[in-house]
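Visitor: Chain by chain, the residues run as shown.
Protein chains: 2
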Amino acid sequence: MADSQELVEDTADEDYALRRDVVETLFDALDAEDPARVAEVLEPLHPADIADLFEQIGGSRLRALLAIWTSDEIGAVLSELDEGLREDVIDALPQAVLADAVRDLDSDDVVDLVEDLDAAQQTAILDVLEAPDRVAVEQSLQYPEYSAGRLMQRELVKAPEHWTVGETIDHIRAEDDLPEQFYHVILIDPRMRPTGYVTLGRIMGAHRDVPLQDLTEDSFRKIPVTQPESEVAYAFNQYHLISAPVVDENERLVGVITIDDAMVVLDEEHNEDILRLAGVGDESVSDSTWEITRQRFPWLGVNLATAIIASLVISLFEEVLTQVVALAVLMPIVASMGGNAGTQSLTVAVRAIATKDLTGSNAWRVLRREVTASLLNGAVFAVIMGAVSLVWFGTPVLAGLIAVAMVINLGVAGFAGLLIPLALDKLKIDPALASGTFVTTVTDVVGFFVFLGLASMILL
Amino acid sequence: MADSQELVEDTADEDYALRRDVVETLFDALDAEDPARVAEVLEPLHPADIADLFEQIGGSRLRALLAIWTSDEIGAVLSELDEGLREDVIDALPQAVLADAVRDLDSDDVVDLVEDLDAAQQTAILDVLEAPDRVAVEQSLQYPEYSAGRLMQRELVKAPEHWTVGETIDHIRAEDDLPEQFYHVILIDPRMRPTGYVTLGRIMGAHRDVPLQDLTEDSFRKIPVTQPESEVAYAFNQYHLISAPVVDENERLVGVITIDDAMVVLDEEHNEDILRLAGVGDESVSDSTWEITRQRFPWLGVNLATAIIASLVISLFEEVLTQVVALAVLMPIVASMGGNAGTQSLTVAVRAIATKDLTGSNAWRVLRREVTASLLNGAVFAVIMGAVSLVWFGTPVLAGLIAVAMVINLGVAGFAGLLIPLALDKLKIDPALASGTFVTTVTDVVGFFVFLGLASMILL
Chain A
175 MADSQELVED TADEDYALRR DVVETLFDAL DAEDPARVAE VLEPLHPADI
225 ADLFEQIGGS RLRALLAIWT SDEIGAVLSE LDEGLREDVI DALPQAVLAD
275 AVRDLDSDDV VDLVEDLDAA QQTAILDVLE APDRVAVEQS LQYPEYSAGR
325 LMQRELVKAP EHWTVGETID HIRAEDDLPE QFYHVILIDP RMRPTGYVTL
375 GRIMGAHRDV PLQDLTEDSF RKIPVTQPES EVAYAFNQYH LISAPVVDEN
425 ERLVGVITID DAMVVLDEEH NEDILRLAGV GDESVSDSTW EITRQRFPWL
475 GVNLATAIIA SLVISLFEEV LTQVVALAVL MPIVASMGGN AGTQSLTVAV
525 RAIATKDLTG SNAWRVLRRE VTASLLNGAV FAVIMGAVSL VWFGTPVLAG
575 LIAVAMVINL GVAGFAGLLI PLALDKLKID PALASGTFVT TVTDVVGFFV
625 FLGLASMILL
Chain B
175 MADSQELVED TADEDYALRR DVVETLFDAL DAEDPARVAE VLEPLHPADI
225 ADLFEQIGGS RLRALLAIWT SDEIGAVLSE LDEGLREDVI DALPQAVLAD
275 AVRDLDSDDV VDLVEDLDAA QQTAILDVLE APDRVAVEQS LQYPEYSAGR
325 LMQRELVKAP EHWTVGETID HIRAEDDLPE QFYHVILIDP RMRPTGYVTL
375 GRIMGAHRDV PLQDLTEDSF RKIPVTQPES EVAYAFNQYH LISAPVVDEN
425 ERLVGVITID DAMVVLDEEH NEDILRLAGV GDESVSDSTW EITRQRFPWL
475 GVNLATAIIA SLVISLFEEV LTQVVALAVL MPIVASMGGN AGTQSLTVAV
525 RAIATKDLTG SNAWRVLRRE VTASLLNGAV FAVIMGAVSL VWFGTPVLAG
575 LIAVAMVINL GVAGFAGLLI PLALDKLKID PALASGTFVT TVTDVVGFFV
625 FLGLASMILL
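Note that the protein sequences, when read in sequence, are chains A and B. So my numbering is basically just the index in the first sequence, starting at one, shifted up by 174. So my numbering is basically just the index in the second sequence, starting at one, shifted up by 174.
In isolation and in its complexed conformation, chain A is listed as follows (with noise of 0.2 angstroms):
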């Protein structure tokens, strides 16, 4: 049963994960100092997997790798690399090694490549590139870091508006050095605008005399080369672009983006929201112990003052709790149910505000609609945990304590979970990095006060 074919199938597996076996291989191979061997693991795989194979064994077994493996995808692999150990791989490898890896690249690459590394490493890459590339990398790299133009690629095929089909083909047909991908030709008039664009679908299909006027998308989109790459990512998930012409403030043609660079930035903006939302910075599973410990610690210290704040909150009513013990155990549920709502809340606050589905122009009913389930959501738990403290402690006042200030925080918790995203985003303030911070502290305080204060005044 078992034939090659089979065998092809396993090793490509069906859910793309990097196989426990090959990595095992090659670490005997490693272990054995034998290049041959390491040679025959690496290469049927992809350069986007042996970045990830980099990324998952790390430390002295990736510099045992690099000491013997010699390949003319290294180029490729370090294009797919995180950024942290991109810098790591490239001081490891010898200089010959890393010229002829980024000779092989294509100049965007090169671009995405050098810019986060420092300037020692930046020299060194850009002196091995033959001059012409170097200015292409060197024009690239004036843009502002994470815009359109460092996104762009130059190398594209464009014709004049008023040509036909048959000038294309021919022209297309002449050119030797066409790009390695492209999927459009782009019409530009007599000062370099672009004005339309025809996929190459359209043009194989029609006859030679037609011109390219008569074939152009609908879907047509200019992109600033200054515009956000997080924004250029929007518009290509938006309205379905596949590319798209980068003018200049001129209006005037400087490159083209293609939809596959446009992923990999919607991916890593994600990637980041995500991350952010829970108090980690631009982490990867590459990063050494002592990068994760730094990248953490401002936040856990962000999270430690609003802690003493609430502990302050705590601290006010002494009094009271040392009368009824039953409050101090209690009280951390008030607190955690408004985290959870305000969380709740703060994050479909963020997605909405990031998908441009928020805006000034629905602000407000959105806002009713989280308090209103909040209160909703408060109204239900508050008699579920009022009849579980009325059978645990047998004090109806303490149960109809506990019901008001749950009802309350929920309250709060979509009121602020809402309000505070939306703040932030006007302050250009990205809320994804610190909504999490203020909404757990308002509600931590919240909760705190309005139990415990209503204890002290019915109680004592």
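Hints in this document: simulated from the structure, not taken from any laboratory. Possibly wrong hints are sitting among the right ones.
[As the list claims (entries may be wrong)] Selected chain B positions facing chain A (Cβ under 7 angstroms, derived; list incomplete): (1) R426; (2) M437; (3) I483; (4) S485; (5) L541.
[Stated by the list, open to error] Calculated cross-link-like contacts (lysine to any residue; reagent style SDA-like; alpha-carbon spacing at most 20 angstroms): (6) A:K530 / B:E254; (7) B:K396 / B:I362; (8) A:K332 / A:R382; (9) B:K530 / A:E446; (10) B:K332 / B:I242; (11) A:K396 / A:D422; (12) A:K396 / A:D456; (13) B:K530 / A:D256; (14) B:K530 / A:S462; (15) A:K530 / B:E257; (16) B:K396 / A:A241; (17) B:K332 / B:P318; (18) B:K530 / A:A222; (19) B:K332 / B:R367; (20) B:K332 / B:G370; (21) B:K396 / B:R367; (22) A:K600 / B:R367; (23) B:K396 / B:D363; (24) A:K530 / B:V421; (25) B:K600 / A:A222; (26) B:K530 / A:D195; (27) B:K530 / B:H414; (28) A:K396 / A:R426; (29) B:K530 / A:D456; (30) A:K332 / A:Q355; (31) B:K602 / A:R193; (32) B:K332 / B:P385; (33) A:K530 / B:L490; (34) B:K600 / A:D189; (35) A:K530 / B:L216; (36) B:K332 / B:I343.
[Unchecked claim] To give a feel for the contact side, a few chain A residues facing chain B, derived at Cβ under 10 angstroms: (37) E254; (38) E257; (39) S281; (40) A409.
Values in this document were obtained by computation on a predicted structure and should not be read as measured data. Where a beta carbon is used, it is the ideal one built from N, C-alpha and C, also for glycine.
Once you have looked at the hints, place chain B on chain A.
Guide: Okay, now just chain B, sitting in the frame of chain A:
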């Protein structure tokens, strides 16, 4: 200065959000029941933007709009709408309008449209399709939900693997029903099994007598028709695919998936992960108050249960709490810091599992790193919080207690933050969905238990 070009630029709006004045003009037109002005406002908008507008206005205004707006864009707008709202809009549309709208769509868009509808709505839509289209849609619906079979389009361009560029171009030119978008010609063997593909750019750049075989791309990958769409999106992102042939269990070509559809899936998957991490279901800004109340209820319920468990732990130590009220003031800090550190670890772990960067091969190494980083941060915050407690309460024992509890709880947070997502993943439970609750339960319970437990041992 303000010529018409500039006005258009202005309307396009640099950051792609719907402009408030557009929304307000629309509302005025709706209030005036003026169909011509409604059409005038909506006409320049992309269907995706009109869908966003629908989601933002909602309720009675949306019903008023649907009653007076007719456009051949309605089908495209339906494709872009959130699923929840889509059902409402379909119900609100007159049958004849709906029929026209659906007939204009490609078969894969119809599949996307009908797959989440209830049976009655589904039948209503299928009935208006012409027989061949209906058969195509019904066939796609036979594949599992969220599989490659649902995502693929059936329209594609294929060529026998022995053809030349000339034969292929002649075939494409003779074909009068080409797909709307296609980027590759797929090579097939005599049994209809795809063996490679060639980009249109390469075909156009080559001479007529060049065999297609000489132009195939290394990036070629086949997608099994039953593969989950999340895996498809991963493959497109990881391997920079632009399109990929979909094959049945006999390796025969049945369709093609293009990167724009994969990008939509990637976006949805990320969105789902973010919302699930916050204990929110598949929720959108257009959902009703009642829907969001219901969707958020279960996780608040789970949170209440875990909060009660934490309170039970506290209640074990009522005696020491009565005697030293400062413990009640400080205990939430220990739990909060543990919860925060645990959330950091688990979010990184959930992401790394999703991107296949965390596997059996490196889990052990990552675990050591997580625990070490948590302990290091724990040690620093133990010193800080110890000092704060000493200043605040003037009791060295209390300062020592909170410091020790902090280190232990943060170490546990790193441990649980990694192991719980990994364990859930092994059990085939989405780690994004349930990790948060488990991890914070652990850090709450451990935090309270260690801090109050040590306190009773030492202070009583």
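Visitor: Could you run down the list of hints and mark each one as holding or not?
Guide: Each hint, compared with the structure:
no. : hint            : result
1   : R426            : violated, 14 angstroms
2   : M437            : holds, 5 angstroms
3   : I483            : violated, 10 angstroms
4   : S485            : holds, 5 angstroms
5   : L541            : violated, 11 angstroms
6   : A:K530 / B:E254 : holds, 14 angstroms
7   : B:K396 / B:I362 : holds, 12 angstroms
8   : A:K332 / A:R382 : holds, 17 angstroms
9   : B:K530 / A:E446 : holds, 17 angstroms
10  : B:K332 / B:I242 : violated, 44 angstroms
11  : A:K396 / A:D422 : holds, 10 angstroms
12  : A:K396 / A:D456 : violated, 30 angstroms
13  : B:K530 / A:D256 : holds, 14 angstroms
14  : B:K530 / A:S462 : holds, 18 angstroms
15  : A:K530 / B:E257 : holds, 17 angstroms
16  : B:K396 / A:A241 : violated, 34 angstroms
17  : B:K332 / B:P318 : violated, 25 angstroms
18  : B:K530 / A:A222 : holds, 12 angstroms
19  : B:K332 / B:R367 : holds, 11 angstroms
20  : B:K332 / B:G370 : holds, 10 angstroms
21  : B:K396 / B:R367 : holds, 10 angstroms
22  : A:K600 / B:R367 : violated, 54 angstroms
23  : B:K396 / B:D363 : holds, 14 angstroms
24  : A:K530 / B:V421 : violated, 37 angstroms
25  : B:K600 / A:A222 : violated, 24 angstroms
26  : B:K530 / A:D195 : holds, 15 angstroms
27  : B:K530 / B:H414 : holds, 16 angstroms
28  : A:K396 / A:R426 : holds, 10 angstroms
29  : B:K530 / A:D456 : holds, 17 angstroms
30  : A:K332 / A:Q355 : holds, 14 angstroms
31  : B:K602 / A:R193 : holds, 18 angstroms
32  : B:K332 / B:P385 : holds, 14 angstroms
33  : A:K530 / B:L490 : violated, 49 angstroms
34  : B:K600 / A:D189 : holds, 14 angstroms
35  : A:K530 / B:L216 : holds, 18 angstroms
36  : B:K332 / B:I343 : holds, 12 angstroms
37  : E254            : holds, 9 angstroms
38  : E257            : violated, 14 angstroms
39  : S281            : violated, 17 angstroms
40  : A409            : holds, 6 angstroms
In terms of the numbered hints stated before, the structure departs from hints 1, 3, 5, 10, 12, 16, 17, 22, 24, 25, 33, 38, 39, listed from lowest to highest.
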